Structures are given as C-alpha cells and as structure tokens.
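Student: Numbering that gives the first Met the number 0 numbers the first residue of the sequence shown as 0 and each following residue consecutively.
Please note: incorrect hints may appear among the correct ones.
Subject to a maximum C-alpha distance of 20 Å in a straight line, what follows is the list of computed PhoX-like cross-link-like pairs (lysine-lysine) [claimed, not checked]:
1. LYS76 to LYS332
2. LYS274 to LYS332
3. LYS77 to LYS332
Distance ranges between label pairs, derived from CB positions [said to hold, decoys possible]:
4. ASP464 to ILE366: 40 to 48 Å
5. TYR214 to MET187: 26 to 34 Å
6. LEU162 to LYS276: 39 to 47 Å
Don't read these hints as lab results, they were simulated from the structure. For clarity, every value in this text was computed on a predicted model and none was experimentally measured. Glycine included, each C-beta is placed from N, C-alpha and C at the ideal position.
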Amino acid sequence: MNPFEQLLAAIAPRAALKRQAARLQLEQMRRYDGAARGRRTDNWVTQGSSADAATARGFGIMRDRARDLVRNNPYAKKAVESWVTNLIGAGWSFKAKQSRRNGRQGERVTEIMRAWMADPRQCDYHGIQNFDGLMAQAVRCWKESGEVLIRMRTPSRQAVQRLGLTIPLQLQVMEGDWIDETHDTPAMSDTAGWTKRGIVYDAEGRRDRFWIYNYHPGESAVQATAITSNTVPADEIIHLFTPERPGMTRGVSCLAPVMVRLRDLGDLLDARLMKEKVAACLSAAVVDLDGTSDQKSTIGERLEPGAVVRLGPGQDIRAINPPAAGEIDRVIKTYLLEIAAGIGITYEELTGDYSGGSFTQGRMGWIGFQRRLQSDTWQVLAPLAFNRVAEWAFNAMNAVGIATDGIAADWTPPRRELFDPQSETNSTISRVRAGLLPPQEAIRADGYEPDEVVRLIQEWNQLLDAAGIVLDTDPRKVSAAGLTQVRPLGSTLPPTGEPPVEAEQPPAPAAPRSPSAG
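With the hints as extra help, turn the sequences into a complete structure.
Tutor: And the structure:
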C-alpha cells in the first residue's frame, strides 16, 4: 500500500478495506487468465528469455535425446522419415531458366547440372550419395537434431583432374555438432563484431564466419591430430534450420515438444506388455479344505502340460488369476494424437492406422499436412538450401568457362500423391480450362518439368502419326466425349494401321457466267 492507504487504514479501516477490495476487483477485470496467479498456476515457471537464451540451456542434451528417440522409438523414427519422404521423396528436378539472349546456353547448364547431381563422385565430398541422397540426409538431420550444415568444398586442380570432376564443386553434409560453441565473445565496441555460440557476426549483425571443428567432436575413433576449430566464411556454409523466433541462431528438433510424451508412451507400452505376461502365467495354490491335513503336497514347484497330480486327503488346487490389464487403448491413442500434433504430422501418417476415420476426415488431415509441407518447402528448403547450391554451382561453372549470366535456377519438388486421383484430376482440368491455373503449374505439381513434358508429347505424337494410330487420348483428333474432333474443310484423319495420307484439295469454285453468255 502507498502512504495514503496506510494513513487511511489507520484512521478508517473499513474505508481502507473497501478501497482494497475494489482494487482487487479491478485487477481481476483487467487481467488475462493466462497471466493470473493462483493455486492452478503456482508451479508454472516461465522466463522472459530471448530465443537464443531459451535454446542455449540444455541444447546439447535435447539434441542427444532426440537422436536417441529416433534410434530406439519407432514413432519418433517414423515421424522423421515422414518429413524426409514428403519433402525430398525421389528428389527435386532442376532446370535452368534462360532469357532470350542466352540462346541454348540454358539447356547446356541444365545438362551439366543434372549430370553433376546424379553422380555421387561429382557432388558428394565423400563420394557416397548423389545430390538427392545428400538433401534427404540433410532434411533428416534438420528434423531430428534441429539443424544441419551443408559445406561448399572447392577441390584443388589436382583433385579435379584425379576425380574427373566436371565443375570444381562438392558438398559435405555435417551435423550441428561441428560448430564450436566455446567461441562466445561480446562486442567490444559499436564498430566491432561479436561471436555467439560459434557464429561470428560483423558490426552490423550479419553472419560473417563459422567456427568449425576439423572433425566431429563426438568421434570415438582415435584421431592422428588433436581436435581444433577454424573459421569458415559464412558464404561457404548453408545453416539449415527453422527460425521459430526472431533472433534465433540455432535450431531445435521437431521432437522437442513431445520428447517426454514419447518416452512416457514407451514406458507405458513396456508396462502393459509386462502386465500381460504376468496375466498369462498360470499359478496354483494347494488348499487344505478341512484344516486337518498335515501332509506335504506332492505337486512340484512347476506345472507342466500333461502332468498327473496326486492330492492328499483334504487337499484341493485353486488357480491364481491375476487381474487382467485394463483397457488403455484410448489412452495410447490420446498420447499418439498429442505426439502427432506436436510434431506437425497427421495421426495416420505417424501410426499408419486408418481404421478410425472417414474418407473426408483423412482428406482434411492430408490437406493440412500438405500445407505444412509447402511452408517448409518454399520458406526454408528452397531459399536456404537449393537456391544456395545452385548459386555455388553457377559460380563453379563460371570458373571453368561455362557462362551462366542471365540464367536462374528453377526447382521442381517431388510430385504430390493425390488423395482422390479421379476427382482431383478432373478439378485440375477444369481449373486449367477456366484459366484459373496455368498448365505449367499443374504439370509442376506432379513433379515434372513443363518443357520436358511438351517435348515427350511431341515425340509421342510423331510416333503415332507415323504409325497411323489414333488414340482416344489424343486431343488433336478425339474429343473428351470420344468423338472425332471438328476439322478444317478438306482435312482427313489417317486410317488406323495405315500411313497418313495427304488431304485432297477441295475443287476450285466455278467461274460465274456472264449475262451475255448464251
């Protein structure tokens, strides 16, 4: 209380009490329930820390526990694999977009880039995986550990000749453990940079360098050299993570909100299994009915199938039936629903259980999951990873005399499997015919390149025309109703099984007769 209220309490206690009660009522009206203090929120401990301060505490422990869950918990492994297969799948398609002044240079860049992506010896620093495999590994590490590093490696001239590299560029996928977090120094002045958790920033707050170990700090094998760290320019590192809060410099695992739930669910299933084993055991007790028998039972310590048991006078056998395990299927499903929601995938995708929902419910869940995939695809993966790799590749091509001026990268994600192919295909056709959807975007949604599709259709039509075959899927000659398309006057369709014939020219109209003609 302020001095006035203390004086009022000494002179007029009743008025002071009414004043205090009115103050409390006013506070109750102004507050949010989430900010209330009481018995329900006494153990709710919160901290107003920054994004980095919140993730720095126990960062390594959380990362290690996430990896342990993926190794040993089937639901955690399925969740991470679901993200990988839906974000990368069979791989992304690349095409170089060119301007008119580039001529056919874009086609050459596309061929070189696709060949580089397909050959593990060209794109992988370790020579094990192709580009799609590297990106799948990167996404797996990103979702499991919260972050991943993709380092640009520029081989020497001798290495380029020895390995037969087309362009001097290789990629190395590294876990976030490679960042040396022991380097953490504040800015000494307004014009000086600083280092935070192994990342060096310039005076303007932009990333300048990374402190990178010479090998993984958790490596168990004996190394010939001591572990050290050196700075690597930020332009040579792709730091892939999800910045959930402004100012966040390190990523957290997608399993972070459900780690305790996953472990508790594993313990619950183990306890359920043990209880079922106990309930399946057959035990028996020898009972003296009249209480007068002092003979020892002839039953052995173990009951075996087919055994013949002799009982003494006044003895009986009674089976011991332990209580059966209770119904916990609903509890398990509730746990799995919470886990799926925390990870950001559907319950069906996490468990493979499609028995409890209708077709409409499954479709709604699939649509929501697809939107989350698009968010990660076009807000994180494409700008932070794929476009950066294309930039490195273009620079490497320029270094060996392959011009890439005026050429941009055009990436196409893997095709999205249709939930209801017939209705979704008809809907796409209707939208294209109505001008609401460009045909190029409809083709890209299936994971194909529009130019490549047009070229293949052109080659196919030429083969059909040369063979004299007319299919009902050819819109040039057959309508959607299966009828012959309307053709210009004088044109003919080649008969099936015969080579095409040229259309006969229509006869020229007769010249008009003059009135004087008799």
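Student: Now look at each hint and say whether the structure bears it out.
Tutor: Verification of the hints:
1. Of the pairs offered as hints, the one joining LYS76 and LYS332 holds, with about 18 Å between alpha carbons and a cut-off of 20 Å not exceeded.
2. As the CA atoms of LYS274 and LYS332 are separated by approximately 19 Å, the hinted pair is consistent with the 20 Å bound.
3. This hinted pair checks out: LYS77 and LYS332 have alpha carbons roughly 16 Å apart, not beyond 20 Å.
4. The hinted window of 40 to 48 Å between ASP464 and ILE366 holds, with their beta carbons roughly 41 Å apart.
5. Distance hint check for TYR214 and MET187: the Cβ-Cβ separation is about 31 Å, which falls inside the suggested range of 26 to 34 Å.
6. Evaluation of the 39 to 47 Å hint for LEU162 and LYS276 yields a failure: the beta carbon distance comes to about 57 Å.
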